[in-house]
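Starting from the given sequences, assemble the full structure and let the hints guide the process.
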Amino acid sequence: MLRVEFFLRVMVRLYVGLIVLVLPWTHFWTDNRLLLYFALASKIAMSGALRGLVSGLGILNIWIAMTDAIRYRES
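Number 8 in the numbering used here belongs to position 8 of the sequence shown; there are no gaps in the numbering.
Just so you know, the hints here were simulated from the structure itself, not pulled from any lab data.
We treat Cβ as the ideally placed atom computed from N, Cα and C, and that holds for glycine.
Where hints are given, some of them may not hold.
Unchecked claim - Using C-beta positions, here's what the derived DEER-type ranges look like:
#, residue 1, residue 2, range
1, S42, A69, 16 to 26 Å
2, L2, L36, 21 to 31 Å
3, A39, V4, 46 to 56 Å
4, R71, F28, 26 to 36 Å
5, V4, M66, 13 to 23 Å
6, E74, A39, 48 to 58 Å
7, R3, G48, 33 to 43 Å
8, Y72, L34, 16 to 26 Å
So, in structure tokens, the structure goes:
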């Protein structure tokens, strides 16, 4: 695996993980125009359980990126 490719892969995972971790708790999540038209989807999206689940996926993504970075060895 090339060093640059590996570095980019880890950075993308970290960036996506941070976005997914923080996004459910920002105004982008609550002020979504799509949710204005669907009351049930809005109710589900605003639940703390779904927000926590999405944030948990962000933490998992960050964890995978950090594990890959720590275990990396050049051959």
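Against the structure, the hints come out as follows:
no.	hint	verdict
1	S42 - A69: 16 to 26 Å	violated (38 Å)
2	L2 - L36: 21 to 31 Å	violated (46 Å)
3	A39 - V4: 46 to 56 Å	holds (48 Å)
4	R71 - F28: 26 to 36 Å	holds (34 Å)
5	V4 - M66: 13 to 23 Å	holds (19 Å)
6	E74 - A39: 48 to 58 Å	holds (54 Å)
7	R3 - G48: 33 to 43 Å	holds (41 Å)
8	Y72 - L34: 16 to 26 Å	violated (39 Å)
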